[in-house]
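Colleague: Sequence:
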Amino acid sequence: MQTLNDIRSTFLGYFEQQGHRIVPSSPLVPRNDPTLMFTNSGMVQFKNLFTGVETRDYTRATTAQKCVRAGGKHNDLDNVGYTARHHTFFEMLGNFSFGDYFKAEAIEYAWNLITRELGIPKDRLYVTVYHTDDEAAELWKKIAGLGDDRIIRIATDDNFWMMGPTGPCGPSSEIFFDHGDHIWGGPPGSPEEDGDRFVEIWNLVFMQYEQFEDGSRTELPNQSIDTGMGIERVAALLQGTNDNYATDLMRNLIEASAHASSTDPDGPGKTHHRVIADHLRSTSFLIADGVMPSNDGRGYVLRRIMRRAMRHAHLLGTKDPLMYRLVPALVGQMGAAYPELGQAQALITETLKQEETRFKQTLERGLRLLDDELAGLPEGQDLPGAAAFKLYDTFGFPLDLTQDALREKGRAVETEGFDTAMAAQKAKARAAWAGSGEAADATIWFDVADKHGTTDFLGYDTETAEAQIVALITDGEMTKSAAAGETVQIALNQTPFYAESGGQVGDTGVLRTAKGGAKITDTRKTAGVFIHFATVTEGTIDAGDAAVLEVDHARRTAIRASHSATHLLHEALRQALGDHVAQRGSLNAHDRLRFDFSHSSALRQDDLAKVEAEVNRFIRQNAPVETRIMTPDDARALGAQALFGEKYGDEVRVVSMGREQGSGKGADGTTYSIELCGGTHVRATGDIGAFVLLGDSASSAGVRRIEALTGQAALDHLRAQDRALTDVADLLKTSAGDVPDRVRALIDERRSLSNEVAQLRRELAMSGGAAAAPEAQDVGGIKLIAQVLSGVTGKDLPALVDAHKAQIGSGAVLLIADADGKAAVAAGVTADLTDRVSAVDLVKAAVAELGGKGGGGRPDMAQGGARDAANADAAIAAAKDIMKG
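Following the numbering used here, the numbering of the sequence shown begins with 130 at its first residue and continues without gaps.
Hints listed in this document are in silico derivations from the structure and should not be mistaken for laboratory results.
Being a predicted model, the structure only gives us computed values, none of them experimental.
Some hints here could point you the wrong way.
Capping the alpha-carbon separation at 20 Å, the derived lysine-lysine pairs in PhoX-like fashion look like this [as the list claims (entries may be wrong)]:
(1) K912 with K951
(2) K448 with K482
(3) K934 with K951
(4) K912 with K1013
(5) K924 with K912
(6) K489 with K448
(7) K982 with K912
(8) K982 with K924
(9) K609 with K648
(10) K580 with K648
(11) K489 with K519
(12) K862 with K912
(13) K399 with K448
(14) K399 with K538
(15) K982 with K934
(16) K482 with K519
(17) K1009 with K982
(18) K271 with K251
(19) K270 with K251
(20) K538 with K580
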């Protein structure tokens, strides 16, 4: 018996002998076709070669391509397990020519492979050709010796392939196998063609023309070949069956499922085992290629497949998670051909186990509630849409599972009622948004989400991607096009650009289409739609265009470093200050980070130094940074820190850093930092580079703020500080190491000189040499010495006042010092006159004229100050008025 693995090896080896390059399968997440959710054929990875956008160092290729059809246009999910040939995951074998050979060689290669190498009987084979493709029909006669009765001309689009409305296209020719008259069905093109007797096993596409917008076609200068063979169908016929699930690989997985569930593989649970076997392949390969279960985009389709399989496991009567126990069987069957499966085995196992464990309670509750709803309905009546929506919205039971469960009972869901209830919920969401104080035109993004779905974020795995522009918004209104110089907001079906959230700033970069380009200046998110703020830099961009997206790599790298350093900073603060430290906000930008945390007092310098050293110590360890998906409760059970005030859904991304024994918060005591976080992070802590703490300040009551730098910004800061130190050392004519001692000596010297100057001023003032007293004036019967001084500080005035008071014996003194444009005022009154005039009143009157306020002291001595001494004469006059009474 030729096993599926044997067939794959034979196919690839045959074409390698014919000069083809064996090219590895591309990932299930296509990076060069924004219209596809998953890779669903072998030609996807070669699209740019067929269109001429890309060239490679080979013109012939052969592949065994992993494919998934479970979402969008190509969706086989509902039929899987109930038919002989529907799958969510399948392998497509193919050979390709990029302007090298054409129809004759393609037909000859195909015929020789299936009849000679694989040994398929010639008398069981039929072919179809496009009804106008006489060339292909003649080649089949010449090469294969087929008669007209075995060459069927088809006039439908099934035998004419097009890449899109315009571009490469051409007729195709399909090879069919006849399983025999014991199976119902007719040849292609007949009324019974949907039966299982005649099965297509290989499709040869002849890319012969280029089609233009007006529908006209011209011959391509470099004609190409794209073929696809379903390996499961070929394995079935070679193993004597028309049922793909009876082939060796699928049978082994089915028996593994039966063994793990202690049930009969061919008993009442036969369909359940078939579903589990198929879904095990698609979910495992999707996880291996970086897709994780979530509530939108590709992650949602993965979750739907997982939960459908889990419901069938539940129907087998299994009480414990089942699927994760089947992963070793799958790796044993397919790991040699696809090494990534074995490399990701631990991740696949953990993800399946966690998802099934979490979903089991939802499943049991949903099925129980579904039975309750059905019990109240007449026999055979479909479930009302409102009831299905209640299961979905209130209890988290997905619609497709409700439909799958009802199918076995011969019932369905009134989908119109479900859609009505869903629309009503979305209307309520819009109303809540419009009343939330946000910009009025923000509700337009709900319309975009309704029409095109939410944006699929690719940025955890890549910084470049192709996408389709689904909407353009200018001044709050939809527009079809934007020209150079215009600012516009762009929505895409998928994007590598991170949208501002969780303290991390939005990405910037560029967008290019065939007709123009734009600079992305910011990315934000509303209603699940990523909004790319852009300025068109050249040409025009139109809604519906395919676009190439590229995130600013250097900026994203710096942002990742800031965000990961923030996590390390959080933990270092908790270790230094205590477990009361909790995040209260953050900013993770390319040029700096800011972290707000709960703490009541300023940090001491030794605390700051300790925190900075701890973060840098862990950076140097280059510890791994890992991300997992789990429920908030599971995350908190691991000790994960959550952002204050943040709302979390049913699932969260948990970012953990480190494998340092004994220092962390993980369940096994080996993880340094665990936080709930949806941001982008470094692969290992060493990628942060360096961490420099700039300072600590108060943010609000009970909240402190630390600002810091990472990576290149930190190094630039340290270099700037080093240059400054070198400059100071040069000025002081000493070494950098001696600068602190030299500066301390200068400070001491300055302090000593300042004290000497102050002492000399006081001595000069006391001696009268600095400012000999003018003649005393008689003001209201009281002697007054009034004087404006320069070269004297406010500190010197009290001693001068006392000296003048001693000289006159009885009277008053008013002195105004003009020091660097500012005024200092002092007044004194001898003790025998304080009952008639107060020094405080004299100072207040003088200060008011100088533009100041207040002044105070005792009746015999008072002081004050003002910004300007220009009105000194007026100030003295005001004081005299006080003395005159």
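Colleague: Please go over all the hints and tell whether each is borne out by the structure.
Modeller: We went through each hint and held it up to the structure:
With a C-alpha separation of about 27 Å, the suggested pairing of K912 with K951 is violated against the 20 Å cut-off. Distance hint between K448 and K482 is fulfilled; the C-alpha atoms sit about 13 Å from each other, no more than 20 Å. For a cut-off of 20 Å, the pair hint linking K934 to K951 is broken: about 25 Å separates their Cα positions. With a CA separation close to 12 Å, the supplied pair K912 and K1013 stays within the 20 Å bound.
For the proposed pair K924 and K912, the alpha carbon gap of about 24 Å is over 20 Å, so the pair is violated. Taken as a hint, the K489 and K448 pair is honoured in the structure, with Cα atoms around 9 Å apart against an allowance of 20 Å. Between K982 and K912 the alpha-carbon distance is near 26 Å, which puts this suggested pair outside the 20 Å criterion. Between K982 and K924 the CA atoms are separated by roughly 19 Å; this keeps the pair inside 20 Å, and the hint holds.
Restraint check: the Cα-Cα separation between K609 and K648 comes to about 18 Å, which is no more than 20 Å; the hinted pair holds. With a CA separation close to 26 Å, the supplied pair K580 and K648 exceeds the 20 Å bound. About 19 Å separates the Cα atoms of K489 and K519, which keeps this hinted pair within 20 Å; it holds. With a C-alpha separation of about 58 Å, the suggested pair K862 and K912 falls outside the 20 Å cut-off, and the hint is violated.
Proximity of K399 to K448 is assessed by CA-CA distance (about 18 Å); at most 20 Å being required, the pair is judged to hold. A threshold of 20 Å between alpha carbons decides the hint, and for K399 with K538 the separation of about 17 Å falls inside it, so the pair holds. As the CA atoms of K982 and K934 are separated by approximately 26 Å, the hinted pair breaks the 20 Å bound. Taking the CA atoms of K482 and K519, the gap is near 27 Å; set against the 20 Å cutoff, the hint is violated.
As the CA atoms of K1009 and K982 are separated by approximately 18 Å, the hinted pair is consistent with the 20 Å bound. For the hint pairing K271 with K251, the CA-to-CA distance comes to about 14 Å; that is within 20 Å, so the pair holds. Taken as a hint, the K270 and K251 pair is honoured in the structure, with Cα atoms around 13 Å apart against an allowance of 20 Å. Distance check on the hinted pair: K538 and K580 sit about 33 Å apart at the alpha-carbon level, beyond 20 Å; violated.
Consistency with the previously given hints fails for numbers 1, 3, 5, 7, 10, 12, 15, 16, 20, ordered from lowest to highest.
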